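K.L.:
Okay, here's what each chain looks like letter by letter:
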Amino acid sequence: MKTSGRRNDTLAAYLFLAPAILGLIFYTFLPIFGVVGMSLTEWSGLQPPTFIGLQNFKEIFTDDMFFPYSVTSTLYFALFTVIVGTLYAFVMAMLLNQKIKGRGMLRSVFFLPYIVPSIGAAIVWAWMYEGNFGVINYGLNLIGLDKVKWLGEELTATPALGVMTVWSFGNFIVIYLAGLQGIPRAYLEAVEIDGGNAWHKFRNVTLPLLSPVILFNVLMSIIVNLQVFVPAYSITRGGPNSSTLYMVYYVFRTGFQLNRFGYASAVSLIFFAFIAVVTAAIYSTSRKWMFFEGE
Amino acid sequence: MKSQNRTSALLTGLVVLIGLACIFPFFWMLRSSFMSNIEIYQYPPLLFPKTWKFENYPIALTIFPFGRYFLNTLTITLPSVFGVLLTSTMAAYALARIDFPFKKVVFALVIGSMLMPGTVTIIPIFKGWTALHLSNGYIPLIVPAFLGGGGFNIFLCRQFLMTIPKDLDEAAYIDGAGKIRILSQILLPLIQPVLISIALFTFIIYWNDVLGPLIYISRNEQNTISQGLANFRAGYGTDYRAIMAASVMSVAPAVVLYFIGQKYFIEGIVLSGLKA
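If you're matching them up, the sequences are chains A and B in order.
Here the first sequence stands for residues 4 to 298, where the numbers follow the numbering used here.
Here the second sequence stands for residues 32 to 307, where the numbers follow the numbering used here.
In short, the hints are calculated from the structure, not lab data.
Treat the numbers as computed from the prediction; the structure is a model and nothing was measured.
Think of the CB as a built atom: it goes at the ideal place given N, C-alpha and C, for glycine as much as any other residue.
Some hints could be false.
[To be verified] Across the chosen pairs, the derived CB separations fall in these ranges:
#, chain 1, residue 1, chain 2, residue 2, range
1, B, 224, A, 157, 44 to 50 Å
2, A, 184, B, 69, 47 to 53 Å
3, B, 266, A, 143, 20 to 26 Å
4, B, 216, A, 104, 42 to 48 Å
5, B, 161, A, 65, 50 to 56 Å
6, B, 224, A, 261, 43 to 49 Å
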């Protein structure tokens with residue numbers, strides 16, 4: 004009785020898990036093998052793929068004038084959005100955590116951009132950034148500065164798209180605010196009793212207690228931002244001069260627009276390694292600045 | 032005391048100011064959608080239209096069939112939300128409540144898949160659907176939702192199911208309830224707030240998806256709102272009054288949904304960032 008009950012349990016468990024396991028097989032494992040296999044082929048999609056060994060990788064690293072742009076622009080975008088985004092979210096959360104009126108409503112305002120369709124938001128931002136008629140340049144004129152071609156210059160295009168992206172990640176403000184509100188008052192009061200000021204509270208209580216939350220959200224944000232696609236696709240089309248030719252957009256263009264599926268797979272694979280290395284690097288340095296409760 | 036009030040008022044003022052900057056793009060979109068093209072291109076820019084051009088909306092609708100796109104987007108989104116809720120709670124139940132061989136391995140794989148960057152595998156997955164002759168249509172967009180609903184949702188449901196005492200399951204079991212009834216009638220109602228959050232976020236993710244429809248939908252009459260808007264802008268790049276009106280229409284449903292389900296959105300995002 005006991006063993007057949009256990010066998011039934013096992014069967015039931017795997018039936019409940021069947022969709023998730025199929026997902027793992029068909030949407031994670033097989034595609035990874037697929038991307039490795041396809042990266043060794045030349046495949047236009049019309050004829051069957053032909054095996055060409057490491058030819059694609061050789062071309063990417065020696066002959067592809069776009070690939071270096073795509074690496075540096077992606078890294079530039081991810082670094083910009085993670086640093087500016089984390090600072091923005093954290094400072095706003097700190098401000099919202101003070102005694103201010105209408106906190107709930109303000110929190111909603113900052114969160115709203117997170118849920119609106121990115122294409123709609125991108126269209127209005129692109130118009131605000133416009134060089135001749137844009138309202139952002141009007142603002143610059145008002146304070147006596149010259150107009151900037153935000154989306155038309157290699158140096159400013161990525162920060163411009165980055166600011167738009169940071170704006171759209173209001174979710175991090177909500178997360179950090181909840182984290183701040185979860186800090187026990189007693190800890191902060193203890194610092195006060197010891198004669199500490201606001202900086203001491205921040206440095207010795209708030210920051211260490213929130214460091215796991217910060218690490219998790221920095222990792223999430225970097226994984227998401229390395230995969231940036233919509234701004235490049237909908238606003239800059241990779242330009243000017245390939246300065247916003249972010250990896251996913253490059254893969255999309257090579258695969259789905261130029262029909263070089265083998266080559267695009269090879270780029271995807273390098274991109275995968277790239278994300279893994281960046282994520283692992285952040286994670287491994289985190290031991291130095293992370294505070295684990297109970298340690 | 033008085034100086035404390037003053038800093039509090041100052042802080043409120045500062046946050047309100049940044050808040051205004053934050054909703055400014057929405058205001059700008061709305062105000063532009065009621066202007067003539069001449070007014071939109073005016074410099075220095077006008078704050079409000081001189082005459083409100085409500086006809087921009089009907090004009091936009093002649094080339095941007097919002098109703099059609101709306102229904103198309105719903106056709107993808109609603110089944111996907113259902114699929115995510117169904118299959119992620121099933122998996123979570125097995126992981127939270129049943130002992131079975133290789134449970135730890137399965138759990139680790141499910142959670143590990145969370146870190147897998149989805150954009151890396153778009154090409155082999157597309158080729159898979161092509162081999163099945165299904166690469167043009169809604170099926171490739173909906174099916175993944177029925178394959179576990181994402182490691183993160185499974186994890187979240189599992190964590191909440193773990194907090195419910197097992198006595199409840201056992202009492203129901205003694206009364207003759209099977210596993211499906213225990214899950215659907217006893218456990219799921221108890222984690223309803225989490226399920227609502229998952230449903231809302233899944234809805235928004237599918238509703239706003241750009242890359243998926245771009246790859247799998249090629250006929251205009253099947254387009255989603257986002258894709259229709261992107262094509263509209265690409266095709267009518269200078270007719271800004273119509274583009275802005277179309278943008279307002281594309282943003283409106285998400286904003287309405289947000290204000291209806293605000294509480295669950297906020298709770299959901301807190302869960303996603305803190306409990307994981």
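K.L.:
Does each hint fit the structure? Answer for all of them.
P.N.:
Outcome of the hint check:
1. B:224 - A:157: 44 to 50 Å: holds (47 Å)
2. A:184 - B:69: 47 to 53 Å: For residue 184 of chain A and residue 69 of chain B the Cβ distance comes to about 49 Å; the hint holds.
3. B:266 - A:143: 20 to 26 Å: Roughly 31 Å apart at Cβ, these two residues miss the hinted range, so it is violated.
4. B:216 - A:104: 42 to 48 Å: holds (44 Å)
5. B:161 - A:65: 50 to 56 Å: violated (30 Å)
6. B:224 - A:261: 43 to 49 Å: Between residue 224 of chain B and residue 261 of chain A, where Cβ atoms are some 47 Å apart, the hint holds.
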